[in-house]
Amino acid sequence: MPLPLLPAILIVDDEPFIALDLALAVEDAGCLVVGPAGSVREALSLLASSRVTAAILDVNLSDGDVTPVVDILVARGIPLIFQTGVGLPASLKARYPDLLVYAKPVMSERLVDMLIGLIPQV
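According to the numbering used here, the sequence shown holds residues 55 to 176 in order.
Worth flagging that the hints you see were computed from the coordinates, not collected in a lab.
Some hints could be false.
To be verified - In the SDA-like style, the derived pairs of lysine to any residue whose C-alpha atoms are separated by at most 25 Å in a straight line are:
no.: 1; residue 1: 147; residue 2: 160
no.: 2; residue 1: 158; residue 2: 139
no.: 3; residue 1: 158; residue 2: 61
no.: 4; residue 1: 158; residue 2: 143
no.: 5; residue 1: 158; residue 2: 117
no.: 6; residue 1: 147; residue 2: 116
no.: 7; residue 1: 158; residue 2: 103
Whenever a hint applies, use it, and build me the whole structure from the sequences.
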């Protein structure tokens with residue numbers, strides 16, 4: 055019998071210390087880290103080349119807001135949580151009113167636990 059695949063969590067944040075803290079919390083929870091990505095371009099590249107089960111996203115990145123990444127995740131039915139210091143852009147909030155948004159700072163372990171709870175159990 056094959057072993058079950060571990061959840062693969064995409065981390066998108068352009069603040070290196072926050073991204074590292076999230077990555078450590080993801081690993082401590084027994085999940086795989088995808089990224090971290092510090093830009094929209096990096097995140098899109100990871101989505102094209104990696105298995106992603108869920109995602110933790112910052113809104114404003116070095117090359118713009120994270121909307122293109124969100125559109126792909128939502129279209130694929132991949133659960134996501136925002137951790138941001140600025141809130142969601144109005145257009146993103148209007149298109150996806152049910153997205154979970156947490157204001158920085160949030161304990162990384164708490165975010166990861168909440169996100170894992172959103173992953174459908176197979």
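How the hints compare with the structure:
1. 147 <-> 160: Holds. Residue 147 to residue 160 sits at ~20 Å (cutoff 25 Å).
2. 158 <-> 139: holds (5 Å)
3. 158 <-> 61: holds (24 Å)
4. 158 <-> 143: holds (16 Å)
5. 158 <-> 117: holds (20 Å)
6. 147 <-> 116: holds (20 Å)
7. 158 <-> 103: The given pair, whose Cα atoms are some 29 Å apart, is violated under the 25 Å limit.
Hint violations for this structure: number 7 only, all remaining hints satisfied.
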